[in-house]
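Let the sequences and hints guide you as you build the complete structure.
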Amino acid sequence: MFVHLVDGTYELFRFHYAPSNRDTRLGAQRGVLNTVLDLVADGATHIGIATDHVIESFRNDLYIGYKDGSGVEPDLFAQFAEVEELLELAGFAVWPQITHEADDGLAAGAAMAAADPRVEQVIICTPDKDLAQCVTADGRVVQLDRRRGITYDREGVIEKFGVPPESIPDYLGVVGDTADGFPGLAGWGAKSAAKILSKFGHIDQVPFDVTAWNVDVRGGAKLALTLSEYFEEALLFRRIATVDLDAPVSASVDEMLWAGPGSGFDERCSVIGAERIAQRAHRLFAGFDG
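Just so it is clear: in the sequence shown, position 143 is 142 by numbering that gives the first Met the number 0, and no numbers are missing.
Derived by calculation from the structure, the hints in this document are not laboratory data. None of these values were measured; they are calculated from a predicted model. Note that beta-carbon positions come from the ideal geometry of N, C-alpha and C, so glycine has one too. Certain hints may be false.
Estimated spans, in silico, between C-beta atoms of each pair [unchecked claim]: (1) LYS159 with PHE76: 18 to 24 Å; (2) GLU228 with VAL270: 39 to 45 Å; (3) ARG275 with GLY200: 47 to 53 Å; (4) ALA80 with ARG146: 21 to 27 Å; (5) GLU72 with THR210: 50 to 56 Å; (6) GLU274 with GLY200: 52 to 58 Å.
Here are the simulated lysine-lysine pairs, PhoX-like style, with alpha carbons at most 25 Å apart [unchecked claim]: (7) LYS221 with LYS190; (8) LYS128 with LYS159; (9) LYS198 with LYS128; (10) LYS221 with LYS198; (11) LYS128 with LYS194; (12) LYS159 with LYS194; (13) LYS159 with LYS190; (14) LYS128 with LYS190; (15) LYS198 with LYS159; (16) LYS194 with LYS221.
Right under this line is the structure:
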């Protein structure tokens, strides 16, 4: 059994801002539904879709500068709850996150599914670098960038970031993440962070004394000083970048089996101009063998 996890909010943003989208109020929903059906057409049977029901989360209480959705366009934000409803009517398991974020839902879903011995592999469908921390050494959890057609296993994560999955929160903690609204530490770029963390693993294992590093990195003394002066901030940013496995998701992979279009699905598709996509969903379910 293979389990596919989808970042519904990422997909909604992706289709909203797609050059081909000429309907800023409803078009993104059609795109999201169609791309999830693409997974089914390619053989996916058990699918979980995590969404940001709201923008703010518990991380906003940790750091005042964290993303709060203030720049989200009204036409896009209005579709948050609508796409959740649409996907539920289509028969998919949807996990709207309120106190958590979609990333947390994906991570919690991956942990739940990977714990099931019937699951051969969990495929997290998102390019978001945060989810690289969920990739496992045994290959049972991988990350898939569907747009680029690249699957990242443990070695793929190391090749991309220069650090293994377990160091990704530390890496983001010092490098920062502009998309999420936290800056990291001044001077700590991707290359220097990768070199240092590939040796020490975690922020709190990096000595403040640069002479103990034995790492060929430019401006090491300044980096060490910055880390010592802003150590608590680095730990905070690492906490923000760490996914929370307590996010609410399905209780088991059995609940993630695609159930097919339900009552009200066709009517909802008519409202958003997705009649052809509705017909596609029915055709797929007619031949579905989950």
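Q.
Given a hint of 47 to 53 Å, does the C-beta separation of ARG275 and GLY200 actually sit inside it?
A. This hint holds: roughly 51 Å between Cβ atoms.
(Q) Hinted pair, alpha-carbon criterion (25 Å max): LYS221, LYS190. Please report holds or violated. (A) Given that 25 Å is the threshold and the Cα spacing comes to 15 Å, the pair holds.
**Q.** Agreement of LYS128 and LYS194 with the hint, judged by alpha carbon distance not exceeding 25 Å
**A.** Since the Cα atoms of LYS128 and LYS194 sit roughly 18 Å apart, the hinted pair holds (cutoff 25 Å).
Q. Keeping to a limit of 25 Å between CA atoms, is the pair of LYS159 and LYS190 held or broken?
A. 11 Å, holds
Q.
Between the alpha carbons of LYS221 and LYS198, is the straight-line distance 25 Å or under?
A. Holds: LYS221 and LYS198 sit about 18 Å apart, inside 25 Å.
**Q.** GLU228 paired with VAL270, Cβ distance criterion 39 to 45 Å
**A.** At 56 Å between Cβs, range violated.
Q: Could you grab the alpha-carbon distance between LYS194 and LYS221 and see if it respects the 25 Å cut-off?
A: 15 Å, holds
Q | Pairwise hint evaluation, LYS128 against LYS198, where the allowed Cα distance is 25 Å at most | A | 20 Å, holds
Q.
Run the distance test for LYS128 versus LYS190: straight-line Cα separation, threshold 25 Å.
A. 16 Å, holds
Q) Between LYS128 and LYS159, does the CA-CA distance stay at or below 25 Å? A) It holds: about 10 Å lies between the C-alpha atoms, which stays within 25 Å.
**Q.** Given hint LYS159 paired with LYS198 - CA-CA distance at most 25 Å
**A.** 16 Å, holds
Q | Status of the given 50 to 56 Å range, CB of THR210 versus CB of GLU72 | A | 51 Å, holds
In terms of the numbered hints stated before, the structure departs from hints 1, 2, listed from lowest to highest.
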